[in-house]
Amino acid sequence: MLARKVKLRILYLSIILITISAIIFFILKSLEENVVYFFSPTDIYNKPGISINKKIRVGGLVKEGSVLKKGKNVVFVITDLKSDVIVSFSGLVPNLFAEGKGVVAEGKLRDKKYFIADKILAKHDENYMPPEVSEALNKTN
Amino acid sequence: MIKNFLPNKIISMSSKIISNLTIAMILILLIGILYALFLSPPDYVQGDSVRIMYVHVPSSFIALGSFAFIGLAAIINLIFRIKFMSLAAKSLAPVGSTFTLISIVTGSLWGKPTWGIWWVWDARLTSMLILFLFYVAYMLTWKVIINHEKANKVSSVIAILGLFNLPVIKYSVDWWNTLHQPSSINLTSSSTIHFTMLIPLLIMLGGLVTYSLIIFLMKYKVELMKFKINNRKNK
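Protein sequences appear in the order of chains L and V. Sequence positions in the first sequence follow our numbering and run 486 to 626. Sequence positions in the second sequence follow our numbering and run 96 to 330.
Please note that the accuracy of each hint is not assured.
[What the hints assert, rightly or not] Pairs of lysine-lysine residues, derived as BS3-like cross-links and limited to a Cα-Cα distance of at most 30 angstroms, are as follows:
id : chain 1 : residue 1 : chain 2 : residue 2
1  : L       : Lys492    : V       : Lys245
2  : L       : Lys490    : V       : Lys265
3  : L       : Lys532    : L       : Lys604
4  : L       : Lys514    : L       : Lys490
5  : V       : Lys207    : L       : Lys586
6  : V       : Lys323    : L       : Lys492
7  : V       : Lys265    : L       : Lys514
8  : L       : Lys490    : V       : Lys321
9  : L       : Lys548    : L       : Lys492
10 : L       : Lys540    : V       : Lys207
11 : V       : Lys207    : L       : Lys548
12 : L       : Lys490    : V       : Lys248
13 : V       : Lys248    : L       : Lys492
14 : L       : Lys555    : V       : Lys314
15 : V       : Lys248    : V       : Lys265
16 : V       : Lys328    : V       : Lys238
17 : L       : Lys593    : L       : Lys604
18 : V       : Lys314    : V       : Lys104
19 : V       : Lys321    : V       : Lys111
20 : V       : Lys265    : L       : Lys586
21 : L       : Lys586    : L       : Lys555
22 : L       : Lys490    : V       : Lys323
23 : L       : Lys492    : L       : Lys554
24 : V       : Lys178    : L       : Lys490
25 : L       : Lys567    : V       : Lys265
26 : L       : Lys490    : V       : Lys104
27 : V       : Lys111    : V       : Lys316
28 : L       : Lys593    : V       : Lys207
29 : V       : Lys207    : L       : Lys539
30 : L       : Lys539    : L       : Lys567
31 : V       : Lys207    : L       : Lys557
Because the hints were derived from the structure by calculation, they are not lab data.
From just these sequences and the hints, can you work out the full model?
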């Protein structure tokens, strides 16, 4: 069927490819904490080694009804529907920042419940639709 | 169909095919741009800034798809020693790398008004940048190494190594927390793009793929002819 030389090449190549896959898998696994762009509130809650005053990012949804604006300061709650973190930020939030929508806050933890952000990014989901369709969906809900 | 990509067919390929493809591409892109910029609706969250998607998403598909082909061609070339596979891969690299760059730049332009930032080092964006670097390394080896067989071997290794980056790019948004959102179009599950936006997206994809095909064919023909001439000299 296949020439012996070809079969050998396939074998060698397969071994090399599997080995490289394993190496990359272990590298990515061990670098996990640096590859994730943010921690969820539950990660913050569960993590034993999270140091206060280390620059990190927390991401999740802006909890409905939690946004409080006082002049330049804004306080809101990031939730992943299991745990919450209170975030305080002074400055401008992006246009897409809204209650019930995704957000990533960059800054430092004061303690496991309170995060002081120096940067706020809006995270949008993978749904794309016209405004009319969204309104229709909201009505049926 | 694959027989049409065999070297002899490509070398004797008439310029009429390129002209016809170009006309088709212009028509498809005109319709696509009309829908993308005017006839399609704004997004319920992003408004009109969603329209960058109609260039960004097709470019990303082409960027990944091209490298997948290049890596596959490298493997086939290494195993079966089919020479024209490496020439096809070499011909596709400029197109693929250009669309990788377009994906990164349009993504950046899209990110500023939506996320609030031009660039982040999250897994999706970083792995796309790595893809671009692999393209550059691949093309540089062909340019810098004079001996064809040597260039072929080194570039094939680079291509195969770069293949591992492709599933990382695709699944980065699933495996890790990223700023970039998860996929909206999946082979297995239903898409989360409304059809009024999905159709223009597919039209633009068709137009840009046609463009890529044209550029690829032109370069592939030249590469095949160069190879034939060089080999005749050595005989």
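Task: Unsatisfied constraints (hint numbers, rising) - done: 2, 4, 9, 14 and 23
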